[in-house]
Amino acid sequence: MRAADALVKALEMEGVKHVFGIPGGAIIEVYDALYDSDIVHILTRHEQAAVHAADGYARASGKTGVAFATSGPGATNTVTGIATAYMDSSPIVVMTGQVPRSFIGNDAFQEADITGITMPITKHNYLVTDPSTLLPTVKEAFYIASTGRPGPVLIDLPKDITTADIEFKYPKKVELRGYKPKTKGHPRQIKRAAELIMKSERPIILAGGGVILSNASEELVKLAETIPAFVVTTLMGKGAIPETHPLSLGFIGMHGLKYANYAIMDSDLIIAVGTRFSDRTTSKVSSFAPNAKIIHIDVDPAEIGKNIDVDVPIVGDAKQVLSSLIKYIKYKQRKEWQDKVERWRKEYPLRYKKEEGKLKPQYVIEKIYELKPDAIVTTEVGQNQMWAAQYFKVKYPRQFISSGGLGTMGFGFPAAMGAQVAFPEKTVVDIAGDGSFLMNIQELATCVDYRIPVKVCILNNMFLGMVRQWQELFYDERYSATCLRYKEMSFEKIAEGFGAVGMTVEKPSEVEDALKEAFEINDLPVVIDFRVERLENVYPMVPVGAALNEILDEEV
Amino acid sequence: MRCTIAVLVENKPGVLARVASLFRRRGFNIESLAVGTTERDDISRMTIVVSGDERTIEQVMKQLNKLVEVIKISDLSHNSVERELALVKVAATTANRGEIIEIANIFRARIVDVARDSLVIEITGDEDKINAFVDLMRNYGIKEMVRTGKIAMARGSKVTQISD
Numbered sequence: 000m001r002a003a004d005a006l007v008k009a010l011e012m013e014g015v016k017h018v019f020g021i022p023g024g025a026i027i028e029v030y031d032a033l034y035d036s037d038i039v040h041i042l043t044r045h046e047q048a049a050v051h052a053a054d055g056y057a058r059a060s061g062k063t064g065v066a067f068a069t070s071g072p073g074a075t076n077t078v079t080g081i082a083t084a085y086m087d088s089s090p091i092v093v094m095t096g097q098v099p100r101s102f103i104g105n106d107a108f109q110e111a112d113i114t115g116i117t118m119p120i121t122k123h124n125y126l127v128t129d130p131s132t133l134l135p136t137v138k139e140a141f142y143i144a145s146t147g148r149p150g151p152v153l154i155d156l157p158k159d160i161t162t163a164d165i166e167f168k169y170p171k172k173v174e175l176r177g178y179k180p181k182t183k184g185h186p187r188q189i190k191r192a193a194e195l196i197m198k199s200e201r202p203i204i205l206a207g208g209g210v211i212l213s214n215a216s217e218e219l220v221k222l223a224e225t226i227p228a229f230v231v232t233t234l235m236g237k238g239a240i241p242e243t244h245p246l247s248l249g250f251i252g253m254h255g256l257k258y259a260n261y262a263i264m265d266s267d268l269i270i271a272v273g274t275r276f277s278d279r280t281t282s283k284v285s286s287f288a289p290n291a292k293i294i295h296i297d298v299d300p301a302e303i304g305k306n307i308d309v310d311v312p313i314v315g316d317a318k319q320v321l322s323s324l325i326k327y328i329k330y331k332q333r334k335e336w337q338d339k340v341e342r343w344r345k346e347y348p349l350r351y352k353k354e355e356g357k358l359k360p361q362y363v364i365e366k367i368y369e370l371k372p373d374a375i376v377t378t379e380v381g382q383n384q385m386w387a388a389q390y391f392k393v394k395y396p397r398q399f400i401s402s403g404g405l406g407t408m409g410f411g412f413p414a415a416m417g418a419q420v421a422f423p424e425k426t427v428v429d430i431a432g433d434g435s436f437l438m439n440i441q442e443l444a445t446c447v448d449y450r451i452p453v454k455v456c457i458l459n460n461m462f463l464g465m466v467r468q469w470q471e472l473f474y475d476e477r478y479s480a481t482c483l484r485y486k487e488m489s490f491e492k493i494a495e496g497f498g499a500v501g502m503t504v505e506k507p508s509e510v511e512d513a514l515k516e517a518f519e520i521n522d523l524p525v526v527i528d529f530r531v532e533r534l535e536n537v538y539p540m541v542p543v544g545a546a547l548n549e550i551l552d553e554e555v
Numbered sequence: 000m001r002c003t004i005a006v007l008v009e010n011k012p013g014v015l016a017r018v019a020s021l022f023r024r025r026g027f028n029i030e031s032l033a034v035g036t037t038e039r040d041d042i043s044r045m046t047i048v049v050s051g052d053e054r055t056i057e058q059v060m061k062q063l064n065k066l067v068e069v070i071k072i073s074d075l076s077h078n079s080v081e082r083e084l085a086l087v088k089v090a091a092t093t094a095n096r097g098e099i100i101e102i103a104n105i106f107r108a109r110i111v112d113v114a115r116d117s118l119v120i121e122i123t124g125d126e127d128k129i130n131a132f133v134d135l136m137r138n139y140g141i142k143e144m145v146r147t148g149k150i151a152m153a154r155g156s157k158v159t160q161i162s163d
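Sequence order for the protein chains is A and B. So for the first sequence, numbering that gives the first Met the number 0 puts the first residue at 0; every next one is plus one. So for the second sequence, numbering that gives the first Met the number 0 puts the first residue at 0; every next one is plus one.
Heads up, some of the hints might be wrong.
[Stated by the list, open to error] On the chain A side, residues computed to face chain B include the following (Cβ under 10 angstroms): (1) P119; (2) H123; (3) N124; (4) L126; (5) R176; (6) K305.
[Said to hold, decoys possible] What follows is a list of derived Cβ distance ranges for each label pair: (7) B:R54 with A:P423: 44 to 50 angstroms; (8) A:I27 with B:I29: 40 to 46 angstroms; (9) A:G14 with B:V158: 39 to 45 angstroms; (10) B:V145 with A:E476: 57 to 63 angstroms; (11) A:V543 with B:R25: 21 to 27 angstroms; (12) B:D40 with A:I27: 36 to 42 angstroms; (13) B:G51 with A:M197: 35 to 41 angstroms; (14) B:S20 with A:V555: 46 to 52 angstroms.
[Said to hold, decoys possible] Which chain B residues stay away from chain A? Per the calculated CB distances, all over 12 angstroms, these: (15) T3; (16) A33; (17) R82; (18) D125; (19) E126; (20) T159.
These are computed hints drawn from the structure, not numbers from a lab. We put the beta carbon where it would ideally sit given N, CA and C, even for glycine.
Modelling step: build the complete structure from the supplied sequences, incorporating the hints.
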């Protein structure tokens with residue numbers, strides 16, 4: 000069998016239903032094989048978007064996303080997408096074409112050393128040098144991408160490998176002596192954790208993206224209710240607990256909710272699950288939760304003790320560890336702590352200045368939430384992302400999709416496209432900024448082509464808003480290179496030019512109707528250009544280098 | 000803090016690059032690195048000397064362990080035999096050649112090449128011994144020197160091996 004055909008058959012056996020990519024000379028054989036397959040290929044307009052789409056598909060569905068690209072520039076265009084998936088531990092498999100083996104190293108046409116380039120941003124990668132290893136490599140790639148701490152795996156396929164003749168024998172099992180993720184937590188550590196929890200007077204759960212990845216949200220909520228403990232999340236952990244749950248305090252961090260930040264800073268025990276204590280979450284790490292003991296549950300042992308010292312390390316899968324931990328916990332009332340947190344919640348609510356006739360970005364998100372609380376929401380990066388995280392109360396895991404680790408502008412739209420392909424019946428909204436959206440706007444063509452009805456809501460302030468905010472607050476309002484002067488530019492017309500639906504909204508009174516109209520459309524992408532207040536800032540805000548409870552806020 | 004670690008890896012192309020890339024990316028300091036074959040032809044062994052504080056060393060071990068092609072890691076900082084090999088080309092005249100050979104003999108080093116105005120000396124030993132020898136040779140003028148990275152093995156019956 001032609002290796003390219005065997006490869007496509009292997010993908011089918013892995014349960015792959017959708018692939019995102021762009022063909023080219025070096026991967027043409029694989030595309031030829033794809034022609035006869037039931038796998039649906041979505042032709043994106045840029046390889047970066049193909050990888051983001053596969054990533055969005057994976058984050059929304061939990062299934063491994065797949066992207067194809069050709070050699071050279073096709074492969075190098077995938078780099079940002081791969082790094083994004085790597086930082087947020089998203090399971091994807093990227094396959095790139097490569098020049099024939101005999102040309103490798105000769106600087107042949109469209110040759111790039113993509114395995115060398117992606118070494119630090121993949122969980123693992125392969126250059127297939129022997130046709131007989133192709134199928135085992137595919138099997139390994141899917142296994143590695145989706146198990147343990149998930150992540151991107153790249154397979155580089157020299158063209159003459161894909162034309163080779165091989166026997167189709169797809170391995171049933173993977174045996175890798177250097178890769179054995181630990182999923183069950185150590186029983187003694189779990190008992191120690193339980194003892195600390197029972198002793199604690201001010202416990203709090205910090206849920207990270209790992210809770211979502213391990214599908215552990217049910218166990219997490221159960222643990223929270225059993226203790227009982229308030230739950231704060233990281234940006235990536237949004238959805239680990241319904242944000243409408245009485246024990247949910249929302250997300251913490253640089254732009255986290257004030258009372259959530261206060262609560263974790265004042266806690267005496269943090270039960271951290273599937274989080275890596277990133278700088279955006281902890282702020283100044285030396286003054287983070289000074290009186291708290293820390294239980295850290297993570298499937299990746301290298302995350303434990305990397306950024307912060309912990310008292311009880313538990314290496315294992317969040318779902319398994321939490322379900323064993325719950326068995327040792329008995330309900331204990333902690334009234335004083337509960338009252339204190341509830342007082343903060345009342346005293347420091349999330350708010351913004353409402354001004355008659357002015358279109359505030361926060362208001363747009365409130366309206367989206369009001370009309371479509373079940374929608375899958377993706378974000379771009381910057382102010383739009385933080386407002387979305389603050390004002391959209393996430394109800395279920397995998398509902399909120401955002402580039403947390405790498406902070407990739409241009410991620411949200413193609414990721415929304417991927418999520419929509421995974422869930423054609425759902426409403427998928429990309430909360431965008433004008434700067435970010437332009438970074439992958441070409442995918443409007445893809446969405447029109449395949450009738451992918453993603454809703455792009457641009458909070459258009461004609462600025463690179465988050466950088467401008469920093470310049471206003473910390474650089475004397477010296478707006479160096481952050482002003483995007485396109486008053487004359489119309490996103491509405493651009494959308495229409497692509498064959499999509501475009502709208503422009505300038506007044507608060509028009510927001511609801513525009514959104515309603517957009518949500519009715521299910522056969523075309525919709526772009527709504529919300530011309531929001533240009534100088535609106537994201538508050539609350541913890542400046543870089545400050546402690547998590549040293550919070551800037553605006554007068555309302 | 001200095002740490003000597005033995006790393007068993009798959010004997011495949013690209014593994015050294017992966018390990019080196021990891022050290023560079025995470026800002027770990029490699030003091031010495033030696034790679035070679037083992038008793039099994041599908042496994043190579045790296046001996047890495049790394050310096051850093053306790054947290055850094057812990058991270059080095061954990062991050063190495065995450066590499067799919069790394070099979071096993073042992074800390075050989077204590078109670079192990081450590082060896083390096085050096086070749087030293089020393090300037091020698093008829094007048095001082097005897098003296099140099101005498102010092103070499105004290106260090107159990109071997110003269111492997113003799114020319115009119117130089118000697119090539121091969122010495123093995125732990126780092127301190129080689130440093131001491133090299134220091135003495137400086138008096139005569141070192142024309143060229145090459146040292147291997149350190150290799151190490153635990154004393155006693157403890158082995159760094161994979162169990163099948």
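Comparing the hints with the structure gives:
1. The beta carbon of P119 of chain A comes within 5 angstroms of a beta carbon in chain B, closer than 10 angstroms, and the hint placing it at the interface holds.
2. With 10 angstroms as the threshold, the beta carbon of H123 of chain A comes within range of chain B, its nearest partner Cβ sitting at about 5 angstroms, so the hint holds.
3. Taken as an interface hint, N124 of chain A checks out: its beta carbon lies about 9 angstroms from the nearest beta carbon of chain B, inside 10 angstroms.
4. With a least beta-carbon distance of about 7 angstroms to chain B, the hint placing L126 of chain A at the interface is held under the 10 angstroms criterion.
5. Among the interface hints, the one on R176 of chain A holds; its C-beta lies about 5 angstroms from the nearest C-beta in chain B, closer than the 10 angstroms criterion.
6. Given the 10 angstroms rule on beta carbons, the hint for K305 of chain A holds: about 6 angstroms separates it from the nearest Cβ of chain B.
7. For R54 of chain B paired with P423 of chain A, a C-beta distance near 48 angstroms keeps the hint of 44 to 50 angstroms intact.
8. As the Cβ distance of I27 of chain A to I29 of chain B is approximately 42 angstroms, the hint placing it in 40 to 46 angstroms holds.
9. For G14 of chain A and V158 of chain B, the hinted distance range of 39 to 45 angstroms is satisfied, since their beta carbons lie about 42 angstroms from each other.
10. The hinted window of 57 to 63 angstroms between V145 of chain B and E476 of chain A holds, with their beta carbons roughly 60 angstroms apart.
11. For the pair V543 of chain A and R25 of chain B, the beta carbons lie near 22 angstroms from each other, so the given range of 21 to 27 angstroms is met.
12. At about 38 angstroms, the beta-carbon gap between D40 of chain B and I27 of chain A stays in the expected band of 36 to 42 angstroms.
13. For the pair G51 of chain B and M197 of chain A, the beta carbons lie near 37 angstroms from each other, so the given range of 35 to 41 angstroms is met.
14. Range check, S20 of chain B to V555 of chain A: Cβ separation about 50 angstroms, and the 46 to 52 angstroms hint holds.
15. With a least beta-carbon separation of about 20 angstroms from chain A, T3 of chain B lies farther than 12 angstroms from that chain, consistent with its non-interface assignment.
16. With a least CB separation of 20 angstroms from chain A, A33 of chain B remains clear of the 12 angstroms interface cut-off, as annotated.
17. At the 12 angstroms boundary, the C-beta of R82 of chain B stays outside the reach of chain A, the nearest C-beta of that chain being 27 angstroms off.
18. With 12 angstroms as the threshold on Cβ separation, the claim that D125 of chain B sits away from chain A holds: the shortest Cβ distance comes to roughly 30 angstroms.
19. At the 12 angstroms boundary, the C-beta of E126 of chain B stays outside the reach of chain A, the nearest C-beta of that chain being 29 angstroms off.
20. Under the 12 angstroms C-beta cut-off, the non-interface status given to T159 of chain B relative to chain A holds; the minimum distance is some 14 angstroms.
Hint violations for this structure: none, all hints satisfied.
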